[in-house]
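S.K.: The listed protein sequences derive, respectively, from chains A and B.
Going letter by letter, the first sequence gives residues 4 to 434 in the numbering used here.
Going letter by letter, the second sequence gives residues 910 to 1203 in the numbering used here.
Because the hints were derived from the structure by calculation, they are not lab data.
Hints are not guaranteed to be accurate.
[Said to hold, decoys possible] Dumping the calculated BS3-like pairs for lysine-lysine here, alpha-carbon to alpha-carbon at most 30 Å:
hint	chain 1	residue 1	chain 2	residue 2
1	B	K1104	A	K63
2	A	K338	B	K932
3	A	K152	A	K267
4	A	K258	B	K1104
5	A	K267	B	K1104
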Amino acid sequence: MLHLHVWGPAFGLPSIDAECLAIIAYFHNVLPSSSWRLIPSNDPAVSPSNLLPALQHEDKWISGFQPIKEYLTSAAICDGLDETLSSIQRADSVAYSAYLRAHAGPLVDLSLYVSAANWAATTRPAYSSLLTFPLTWTVPTLIRAEAIKRAEHLGLAELDTDFDPNGGLHLSAGRDALPETFRRHIPLMIKKTVHEEMTPEQATAIRLFGLTEDCLTVLDDLMKGGDEEHPRFFTDAAVSSLDCLAFGYLALMQKPAVPRSFLKDWLEPKTPRLHKFVDSMLAAITARGDLPWVAPEPTSVARFGGRILDSVLRHIPNLGEHYASEMRHRAEHQKTGLDQRALMLIMGVVLTGLATGYGFQAYRAMQPFGASTQSWKPRRSRTRLSEFGQLGSMLSSAMEPFQPVPSGLDSGARDQGGPNGMLVEVDSEVD
Amino acid sequence: MAGPPSSRPGWFAVPAPVRELFKIFPLTTLPAESLPERAPERARVRPSLYVFARTLEDARSGRPSFNPQCLKWQTFLRIAGVDVHLIPSNNHASPSGSLPFLLPPTTPTSTPEKQSSTTHPTSNAGNNLLRLSPSRTEAYEALLSQSLRPAWLYALYLHDANTPLLKALYLPPSPILHLPSLHTLRNAATDEILKTTRRSLVDPRQLLLDATDALRSLSALLADNDWFFGQSEPGMFDAEVFAYTYLILDEAFGWADDYSLAQCLAKFDNLVEHKRRLYERCWPEALEEEVNTN
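Pulled out of the complex, with its shape left as it was, chain A reads as follows (with noise of 0.2 Å):
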């Protein structure tokens, strides 16, 4: 039995990843779904490798795209979706693939991950809705901070500079409902230019339309030609593991509803072979049954506790890139426990932590540098009418003889003694 792990289901479509829906439809097209389960763990450390999509097959794991398509082939498990194609078409396969995760990957990190409004209006939703509650503080906010660093090399960070000019409170917001005298008086705030009136995805919509050209027509080109209804990259096979690596990508494209459609404004009227393409590898899909859908297996409180510490861990500032790089460094060389690098890495935190710890306390107690020792007495001896500066000391000598009781200490006593005159009282009204 092969177990596929992969992130959950999200916008109408089984996964919110594009490699994991592109396997999950390699996966329908290849085997009957009684021989595979399809498991939404939605956490990536199920496998060594920290990536999903994952193939547990026996005790092997097999994480990412092509390694499990190849293992597929390899282990003889199922014949390739490629094994009709001529030579050339396979390295046409292999390089539209690669141009997919070049070019069409930042695309959809743009519009899903970079663009604040879309992050914050659909794909945050969705993946909160995938995981469980502190997780969804925790790592939505990790996989948005990888996928800015893929798209970063376009040079479009200014679409994460977003905000609703007219969701927000302006001061403009209530200028309707004053007095018209009282209008007058308040300045108006605002006058925008017509640039700052525009969403970053306007401001920038040259750009983004001159990329997105760019990525779809090569696609487009190559699909040109063959069945109109059914699109596909090659004619001559029914659904090669090309045309499931770009329904992944495509689909993510063009289904999420998301407020700043750039991508799917120009998917839909400019390249509708490829709209088409989405829109049929997507009815395949439902039309060849129901996929092999099972809920993941309960995580331990220790594991989730740990997902928990390790996703906190990794948004500390300047210490998280650490933790990761260190993490990643554990990974790669497949170490498990404890061995001397991470018991020297520990101590040093630890002493750091101490030293910090103790020069801060240190710091607390000390004098602030340049102030006089000042020493405060409580005064007792002297009178209250002291404190009223000259007079008071004048009065107060006047009177000498007379010494006010000072009035906490005298109701004190008087609380105290309050039960026993009470006591004394009652005897004498019974003699």
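Chain A is fixed; fit chain B onto it per the hints.
M.R.: Same frame as chain A, now just chain B:
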């Protein structure tokens, strides 16, 4: 009332004492300022290409650079028959922070100190040599950058056995700077590999498999043709492939044996032949040297 105007100095005439004072200071024309240090001192007859090179001697004699990006443009300019002056340099010298860059020759009509604009080779590439089937070329270019480059980066920067080679090529000679520079280079290479492969770990075996896949596809694309895409003349894409294949197969490069891209590449005879063909075409003088030494 008014006397004859010639006998009296006008309202705007300079008074005599001041005039005397100014006569003491002669008006002189200072010599022209010398150009700043970074300005090119002389007029360039040939365009100069700034590349990574092992030694000044290598650059003078126009030997292939050890950096794939530099070698790509060097080869392309040689294919196009542009005679360039190679200058060994490093990233700090470049206006954009990366090599190579090209300074066009100074033309006699322009004033040399004002118009020495820097141009990257990307902007002035010969259009007739460029892509004829653009979308397919782009897909195969992505194959180079997506599958072959990560394996190259791993082999050169991250593989421990190649550390001496990396030191010889990119690291500063001072031993104090070695360790931090090595660390920075390795971190940058790791980031780059992770970003392009879209994985969370660097897996050398998988990188090698991907590179082999890429080479197999290139081999299938080339088939029995002389140049890629069935052209009669080599083009940009040939130069790009050559930049990797030449350096991977170069025996004098100093690769360690245990992580070998060369072994993967040697399986594809037509790619090896393609590399030899392009080398003979672009570096005929190197061939003569070999004959002479033999």
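S.K.: Are the hints correct? Go through all of them and say.
M.R.: Taking the hints in turn, this is what the structure says about them:
no.	hint	result
1	B:K1104 with A:K63	holds (26 Å)
2	A:K338 with B:K932	violated (89 Å)
3	A:K152 with A:K267	holds (23 Å)
4	A:K258 with B:K1104	holds (25 Å)
5	A:K267 with B:K1104	holds (25 Å)
When each numbered hint is compared with the structure, a violation occurs for hint 2 only.
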